[in-house]
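Line by line, the protein sequences give chains A and B.
Take the working numbering: the final residue in the first sequence is number 915, and no numbers are missing along the way.
Take the working numbering: the final residue in the second sequence is number 297, and no numbers are missing along the way.
Keep in mind that the hints were calculated from the coordinates and are not lab data.
Note that the structure is predicted; figures quoted are calculated from it, not measured.
Please note that the accuracy of each hint is not assured.
[Claimed, not checked] Far from chain A by the CB rule (all over 10 Å, computed), these chain B residues:
id, residue
1, 31
2, 98
3, 201
4, 212
5, 214
6, 222
7, 273
[To be verified] Okay, derived cross-link-like pairs now, SDA-like style, lysine to any residue, Cα gap no bigger than 25 Å in a straight line:
id, chain 1, residue 1, chain 2, residue 2
8, B, 238, A, 379
9, B, 201, B, 213
10, B, 238, A, 44
11, B, 238, A, 304
12, A, 693, B, 109
13, A, 693, B, 112
14, B, 238, A, 627
15, B, 238, A, 874
16, B, 201, A, 872
17, B, 238, A, 19
18, A, 693, B, 231
19, A, 309, A, 379
20, A, 748, A, 725
21, B, 238, A, 42
22, B, 238, A, 21
23, A, 559, A, 304
24, B, 201, A, 874
25, A, 693, B, 162
26, A, 559, A, 874
27, B, 238, A, 22
28, B, 238, A, 285
[Claimed, not checked] Pair by pair, the computed Cβ-Cβ distance ranges are:
id, chain 1, residue 1, chain 2, residue 2, range
29, B, 236, A, 903, 54 to 60 Å
30, B, 221, A, 735, 42 to 48 Å
31, B, 264, A, 778, 42 to 48 Å
32, B, 241, A, 147, 55 to 61 Å
33, B, 236, A, 21, 57 to 63 Å
34, A, 791, B, 196, 51 to 57 Å
35, A, 666, B, 248, 50 to 56 Å
36, B, 146, A, 913, 48 to 54 Å
37, B, 260, A, 664, 55 to 61 Å
38, A, 21, B, 284, 16 to 22 Å
39, A, 747, B, 236, 53 to 59 Å
Where a beta carbon is used, it is the ideal one built from N, C-alpha and C, also for glycine.
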Amino acid sequence: MSGIFATLGFTTPWLLWALLPLPLIWLLLRVMPPAPVLRRFPGVVLLLGLADQDASAARTPPWLLALRVLALMLAVVGFAGPVLNPQAVPEGRGPLLILADAGWADAADWDRRRGQLQAALDRARLAGRPVAWRALTGDLASPVVFTAGDDLAGQLAAAQPAAWEPADGEMAEFVMALPEGAFDTVWLSDGVERPARAVLVKALLGHGAVVVQESPARAFALRPPEVVDGKLRLTVLRAGPGSARRVEVLVLGLDPAGIERELARQSVTFAAGDSEREVRFDLPPELRNRVTRFQLSGVASAGAVVLADDGLKRRKVALVDGGSVREGLDLLSPAHYLRQALKPTTDLIEGTLADLLPAAPDVVILADVARLQQDDADRLADWVDQGGLLLRFAGPRLAASLAPDMPVDPLLPVPLRPGDRAIGGAMSWGAPQGFSPFPEGSPFAGLVVPGDVTVSAQVLAQPSPELSGHVIAALADGTPLVTRAKMGSGQVVLFHVSANAEWTSLPLSGLFVQMLDRLAISSRPGKAEAAALAGTVWQADRVMDGFGHLAQAGGLAGVAGEDLGKELVGPLTPPGLYRSDDRHMALNVMAADRALAPAVWPVGVRVEGLAEVAERPLKGGVLAAALALLIADIVATLVLSGRLGGLRRAGALIVALAVAGLGVPQGARAQEAERLVAASDGMALAYVETGNAQLDEISKAGLFGLSVVLTQRTTVEPADPFAVDLDRDELSVFAFLYWPITPDQPTPSLEAYRKLNRFLQSGGMILFDTRDADLAGGAVTPEGQRLQELAAGLDIPALDPIPQDHVLTRSFYLLEDFPGRFAGAPVWAEAAPATAEKAEGMPFRNLNDGVTPVVIGGNDWAAAWAMDDQGRAMFRVGRGQVGERQREMAYRFGVNLIMHVLTGNYKSDQVHVPALLERLGQ
Amino acid sequence: MSEGAAQFGFDLRHRAEGLAAGLPPLLAAADHLAVALQQGLHGRRRVGQGTEFWQYRAAQPGDEVRRIDWRRSARSDAQFLREQEWQAAQSVQFWADGAASMAYRSSERWEDKGSRARLLALALAVLLEHGGERIGLADGMAPPRAGRAQLMRMAEALSLRDAGVDYGAPRASALLPGARAVFLSDFLGGFDPVRDAVLAAADKGVKGALVQVLDPAEEEFPFTGRALFESMGALLRHETKEAAGLRARYRARLAERRDELADLGRATGWAVTQHRTDHPAQTALLWLYQVIGPNRGQGR
């Protein structure tokens, strides 16, 4: 090949085979006459029975045929992806290994990455090379086997980026798993440097050529927040310097209704050389406690999402002190140590219980408070029931208040024995007791007890069988030190020692703070050290995929706290939210000290950008030409079939088409929304568009007539009737829907049925009208059959012909029949429950529930209601004055119907008026 | 309810209440058309227009005494009778086809057949009402009466259309014996109901006129190419590959239908005419007025 064809290539050349059947299409087009023009014409009655004399009358003219075939050809060629100056890829011969990092850094432009993978695979298969593929974040242990690659296309199409990145250890192991012999490698890199990469590249270079495809766009990532001076500081990272770019950091959280919203947003501008920028958020505590995650706007990557956990939250702690301590003796105050421990990490409020509870604290601490007033105690118990955490410390006052005959305090986790126990004092034999190691299952499990923490006095629990279940920390001799009990959805925790240093040295040690931490009372900003996590087991609550979307974790195995503390994200510890007891911890993709560097490739590796610059794809242009030809074909067809009045209109049509392609749909949508807003402004009666213009006009006029009558006679003043397109319009703004049935009506979409069912369930009513006078009853007419098909997808209860005591017969007017343009046919509504009983002294039964969701009949009500805009009836009903009477009855039925929709069973409830009057003493 | 909706509700009520006050547009148009015609017909003697009184004449032997107008007679020596004109006013009853086929028009430039038929009917009614005739509808919706109020009733009843009917048949159940009748339709549907209705009317001694109102497209059949013809109610269909090939035969059938109409007219003494919606309504009205109007009468 020479000339222009040398510079023209196709991305998917096999598509060109689709050009083969074109001659066949040519033949078919020649035989097929143009579609008939539908003409409304009353004179058709005179045409009936006239046969065509010239059978071969209409054929597609040859030039139109040529136009169409050319358009098809262009479309086929266009989809085959013609490329000017395709990049000549030197294809090797031997086996090819396709590698992809497929980590979070790839997720942001995964579609392009996958396209690249598939292109590499296609090229290799076209060249007949054996091929294998590995994602470096996936399973690297299994041996690499080169195959013909038939099953790889599916695998590649389903490949998803992982939320972690290739682990150094596994990459090193992969070197071992590489097959013997020579092979080339295509490596789709995410452009982030990793230590083990050099080793792997070196090993690959030993087997053959390595081509690296790397996007020039650098990956962005977000480091977890730090709290600095009460502000949140986040660091945005970029894998190496690049062009100047602006990114936005979003803070997302739940609003009081539990809906996720954007709480704050700041933009960061990266200059060309920057690879790291900081952003600070100053959020009030109320907002800060709501934060669920931080995110880089528009970067769909797990690395660009940081989940917030307890570390960000500041709990509101109410501290109630046992009573007045002499001024100046701070160190003796039970509250002093708590205050010191909690102040840096929580919002501490102090005062009396009556003042503090309305402030909705997360935790209430009672430090040596013996007795509460009864109403305080009740309110506190309620608060705990609703999920509060009550933390109590013993002390001299509490010990003194314990008497043998007093009732059990419900706000203690375990019943206490009277008095206190002194150990190792001047008057006792034993030495002060140390702690026993915290038991498994205790929230304190894994905390290291310093040897110098001792207890010299405590209050004792009443021994009982249940006691051991409540103990979460004990002394070396086994007596309970901390007990806990659930109460409703909250809990009560009691330290059997005082909160000051009088009874124990615990408040003086760091253990005190750690224990408070474990009870989720205070929380440390930043990451907890591994030691603080020791012994805990965390369960993944929600995990993140490579794109940064959160999903329910499902059945992932629990993770030991020590492992979680390493902040190593991998298949076993996917990033996400972990939970242990009442504590939440987020495992984020980026560790707090992680930095990103651009990948450096050794000499001998060919690096290509993902975006090829030299190639010029012609696909768009060719397809546009095909589209233009098709439009020309449409215009030509219209002209040929005489549907276009003249060239002027054709011009207008072309302009309209062009405009339609540009922006009209949006305008139309906005207009739609406006219409809906207008309809929701008042109460609008709505009808379903059938597609039959005449019928829709009748429906509209009918509902207009009914609206006028309602306005004249009742307090219902409906807005203009609304034409509902079931697929498009929102139904929730309507209460009543008139649905005339035509045999050729299209079936609504599934979504439309969902909307209709929601509409019916929320009290809406549909009036189905088959307009066939229900002549044969049931589904004999085409309309009736169509109605059955249409209603099959609807949630309709059992139906009955409307009984004489139905509320529809008396919701405004007293009616016996429900005529429209036809009269006498039965009208169906929801069947009364079989248990309905006759009301005492009333000519009807007690039917007090609900609005019937559907009314079905064939009386062509809209035609009887129809009014023109002058308020004159549009259609003849019956004969003469009798017919006018029938029309009046039709209006009355309409009024009753709307009244029933709007007031429900109000009239039915009137049965009870005598009883109510009697009860009022009249 | 928001302010806008309240405003809307008020608007609707206002409109609803104003409905009864307005002159039906059909009646207004008919009035307009009738006035235009009256100027052309001014030769008619119109003393005491539309009222009972015509003239006094001297009493003659044989006149009943109670018919003497004493007030007039007291002013002279002779006795006078008060003669009343129009006392035996004619009843003219109309039927304007309201079926779906009448809603057809082939171009925006002229109105549809139904509108034209109703306009002609009401304009003639206006003229006749000026002449003191009793006017009404043939189907009993508005029994013949004199007076302006009757025109309102007729205008209301005339604008009713028949839903679900492709082609109309005369609704002439309430024709009074000896009355005159005007049927306006395209007469494209079945011809038997028309023939039956006209024969039944003729049996009652009703004379009248048949006006076939057609759209130009129905007369000329200008269609070409492959087409699927459908009646206005979509009940009838006819598909053709080349519509132009049907033109001659269509027009032959139309002519046949006209001949049938003309035959019927000859047999019953009814006048028959054709009217096209693209032609001015005055010509048809003039024709109608001459056929039905008071000049024709029973030799009066």
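(request) For residue 236 (chain B) and residue 903 (chain A), compare the CB-CB distance with the range 54 to 60 Å and indicate the outcome. (result) holds, 59 Å
(request) For residue 666 (chain A) and residue 248 (chain B), compare the CB-CB distance with the range 50 to 56 Å and indicate the outcome. (result) holds, 52 Å
(request) Quickly compare the C-alpha distance for residue 238 (chain B) and residue 21 (chain A) to 25 Å and report which way the hint goes. (result) Given that 25 Å is the threshold and the Cα spacing comes to 18 Å, the pair holds.
(request) Could you let me know if the closest chain A CB is still more than 10 Å away from the CB of residue 212 (chain B)? (result) For residue 212 (chain B), whose nearest Cβ neighbour in chain A is about 8 Å away, the distance does not exceed 10 Å, so it is violated.
(request) Classify the label on residue 201 (chain B) as holds or violated, using whether its beta-carbon is more than 10 Å from each beta-carbon of chain A. (result) Fine: 18 Å to the nearest Cβ keeps residue 201 (chain B) off the interface.
(request) With 42 to 48 Å as the target window, see if residue 221 (chain B) and residue 735 (chain A) comply at their CB atoms. (result) violated, 30 Å
(request) Assess, step by step, whether the Cα of residue 309 (chain A) is no farther than 25 Å from the Cα of residue 379 (chain A), and give holds or violated. (result) Measuring from Cα to Cα gives roughly 16 Å; hence the hint holds.
(message) Just to be careful, I want the Cα atoms of residue 693 (chain A) and residue 162 (chain B) compared with a cutoff of 25 Å; is the pair within it?
(response) This hinted pair holds, its Cα atoms lying about 19 Å apart.
(message) For residue 238 (chain B) and residue 19 (chain A), compute the direct alpha-carbon distance and say whether it is at most 25 Å.
(response) Between residue 238 (chain B) and residue 19 (chain A) the Cα gap is close to 21 Å, so the pair holds against 25 Å.
(request) Compare the distance between the alpha carbons of residue 238 (chain B) and residue 285 (chain A) with 25 Å, and conclude whether the hinted pair is satisfied. (result) Status violated; Cα separation ~69 Å.
(request) Would you check the hint for residue 201 (chain B) and residue 213 (chain B), treating anything up to 25 Å between C-alpha atoms as holding? (result) violated, 35 Å
(request) Confirm or reject the claim that residue 236 (chain B) and residue 21 (chain A) have a C-beta distance inside 57 to 63 Å. (result) violated, 21 Å
The structure shown violates the earlier hints numbered 2, 4, 5, 6, 8, 9, 11, 15, 26, 28, 30, 33, 38 and 39.
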